[in-house]
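Asks: Letter by letter, the chains look like this.
Number of protein chains: 2
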Amino acid sequence: MKKISEAVVRRLPVYLQVLNDLHKRDVQTVSSQELGNKLDLNPAQIRKDLAYFGEFGRKGIGYDVSYLIEKIRQILKLDQPLSVGLVGAGNLGRALCNYNTYLKDNMKITAVFDAHPAVVGSQINSLTVQAMDDLKPKVEELNIVIGIITVPAVEAQNVADRFVDAGVKGILNFAPTILRVPDHIRIHYADFTTELLSLAYYLEKKEEEDDEPAVD
Amino acid sequence: MKKISEAVVRRLPVYLQVLNDLHKRDVQTVSSQELGNKLDLNPAQIRKDLAYFGEFGRKGIGYDVSYLIEKIRQILKLDQPLSVGLVGAGNLGRALCNYNTYLKDNMKITAVFDAHPAVVGSQINSLTVQAMDDLKPKVEELNIVIGIITVPAVEAQNVADRFVDAGVKGILNFAPTILRVPDHIRIHYADFTTELLSLAYYLEKKEEEDDEPAVD
Numbered sequence: 076m077k078k079i080s081e082a083v084v085r086r087l088p089v090y091l092q093v094l095n096d097l098h099k100r101d102v103q104t105v106s107s108q109e110l111g112n113k114l115d116l117n118p119a120q121i122r123k124d125l126a127y128f129g130e131f132g133r134k135g136i137g138y139d140v141s142y143l144i145e146k147i148r149q150i151l152k153l154d155q156p157l158s159v160g161l162v163g164a165g166n167l168g169r170a171l172c173n174y175n176t177y178l179k180d181n182m183k184i185t186a187v188f189d190a191h192p193a194v195v196g197s198q199i200n201s202l203t204v205q206a207m208d209d210l211k212p213k214v215e216e217l218n219i220v221i222g223i224i225t226v227p228a229v230e231a232q233n234v235a236d237r238f239v240d241a242g243v244k245g246i247l248n249f250a251p252t253i254l255r256v257p258d259h260i261r262i263h264y265a266d267f268t269t270e271l272l273s274l275a276y277y278l279e280k281k282e283e284e285d286d287e288p289a290v291d
Numbered sequence: 076m077k078k079i080s081e082a083v084v085r086r087l088p089v090y091l092q093v094l095n096d097l098h099k100r101d102v103q104t105v106s107s108q109e110l111g112n113k114l115d116l117n118p119a120q121i122r123k124d125l126a127y128f129g130e131f132g133r134k135g136i137g138y139d140v141s142y143l144i145e146k147i148r149q150i151l152k153l154d155q156p157l158s159v160g161l162v163g164a165g166n167l168g169r170a171l172c173n174y175n176t177y178l179k180d181n182m183k184i185t186a187v188f189d190a191h192p193a194v195v196g197s198q199i200n201s202l203t204v205q206a207m208d209d210l211k212p213k214v215e216e217l218n219i220v221i222g223i224i225t226v227p228a229v230e231a232q233n234v235a236d237r238f239v240d241a242g243v244k245g246i247l248n249f250a251p252t253i254l255r256v257p258d259h260i261r262i263h264y265a266d267f268t269t270e271l272l273s274l275a276y277y278l279e280k281k282e283e284e285d286d287e288p289a290v291d
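Heads up: the protein sequence lines correspond to chains Y and H, in order. Quick note: the first sequence uses our numbering, first residue 76, plus one each step. Quick note: the second sequence uses our numbering, first residue 76, plus one each step.
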């Protein structure tokens, strides 16, 4: 298979979401034009993205929804169970555990940890918050491969080190700070402030294009 | 100024974060090599990114930290106040309001709204949760330009419509669903599941490269 660019990999879960919605409504086939309308993407872009994985579409008919779902799930390896651990049972950690409902696939948050004794033992849905001392044995026992960090910035590097030591392969960091991890660990940042600041950049640009004054 | 690519715009807040850290520790100058180490980016990439905004660096000395902070803040328009509204005072909404501490710049969440009467009137730090009927007048009064959506997926489109009607220019959507907004509205998605699924893709690839079996 051709090397898939990072941008395409990031779009695949979004395609999957739209396709799952269509599947639920018993839609059998979809054109790149329809997908484009739903996703605000150029149909040519969609055809190019999906062509990475072989020739799925048929001219005049479009893509077979079920087949495309199955194919994308395979590519994202969603046909195998994937266990996720989370450290930081604050508001954000609790919110993310609620996403387990959306993670209909084999990917699930299977364990939650917190350094604060007052929080340990409390329940988040069906999960009991565990102590940090249990992190390493639980990562092994549950075969956790991804660690999510939702602790304050000052504690994040320590948590990352603990996850790496425990043997996870990837980290999703929500703390607003850059972390150092060994090269064999894949780290993604889900920093809300970055998202917000880059959004702001585009708003202001839009104002200038409209020839409106940037400041009153 | 040259057109700045989306990837660069997304990196600017990260540069800013590292530079602010350096500034706090009284560091005066930084080389692209040092920035590269901190950010896991190629120094040549950093020089290229920063060259968009003019010639900041000096050979053998590096970048002036304060000057670079000021310049990036200008580019991101952080030298002007920017008011943000949020709908959905659940765990995620509450967690995001706590980020106000990190948003040291002029960008602030200035109002929180919720459709559920039981939540209206409760406090999140210094903010009082307001009813949805107050959304439009408050967006005007506080000059809110960005709307954050942290409601369940089924309610998200309705909230987006309310924000658009109230006159925001950008939306940051945390609900795991695709939203339709008019072309003049910039929308960014901060979907945790997308981030998690694309991270998983890279983990599995790594396994294959190591010639480990993907499944036991």
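Read the hints as simulated data drawn from the structure, not as lab findings. There may be inaccurate statements among the hints.
[Claimed, not checked] In silico contact screen, one side only, chain H against chain Y (beta carbon under 7 Å); selected entries:
hint, residue
1, 88
2, 128
3, 167
4, 193
5, 194
6, 196
7, 261
8, 263
9, 269
10, 273
11, 275
12, 277
13, 278
[What the hints assert, rightly or not] Within a straight-line C-alpha distance of at most 27 Å, the following computed DSSO-like cross-link-like pairs (lysine-lysine) qualify:
hint, chain 1, residue 1, chain 2, residue 2
14, Y, 183, Y, 146
15, Y, 99, Y, 123
16, H, 213, H, 244
17, H, 213, H, 183
18, H, 113, Y, 113
19, Y, 244, H, 113
Backbone N, C-alpha and C fix where the C-beta goes; we use that ideal spot for every residue, glycine too.
Asks: Taking the hints in turn, state whether each one holds.
Replies: Hint check results:
no.: 1; hint: 88; result: holds, 4 Å
no.: 2; hint: 128; result: violated, 12 Å
no.: 3; hint: 167; result: holds, 4 Å
no.: 4; hint: 193; result: violated, 17 Å
no.: 5; hint: 194; result: violated, 14 Å
no.: 6; hint: 196; result: violated, 19 Å
no.: 7; hint: 261; result: holds, 5 Å
no.: 8; hint: 263; result: holds, 5 Å
no.: 9; hint: 269; result: holds, 4 Å
no.: 10; hint: 273; result: holds, 5 Å
no.: 11; hint: 275; result: holds, 6 Å
no.: 12; hint: 277; result: holds, 5 Å
no.: 13; hint: 278; result: holds, 5 Å
no.: 14; hint: Y:183 to Y:146; result: holds, 20 Å
no.: 15; hint: Y:99 to Y:123; result: holds, 25 Å
no.: 16; hint: H:213 to H:244; result: holds, 15 Å
no.: 17; hint: H:213 to H:183; result: holds, 14 Å
no.: 18; hint: H:113 to Y:113; result: violated, 38 Å
no.: 19; hint: Y:244 to H:113; result: holds, 20 Å
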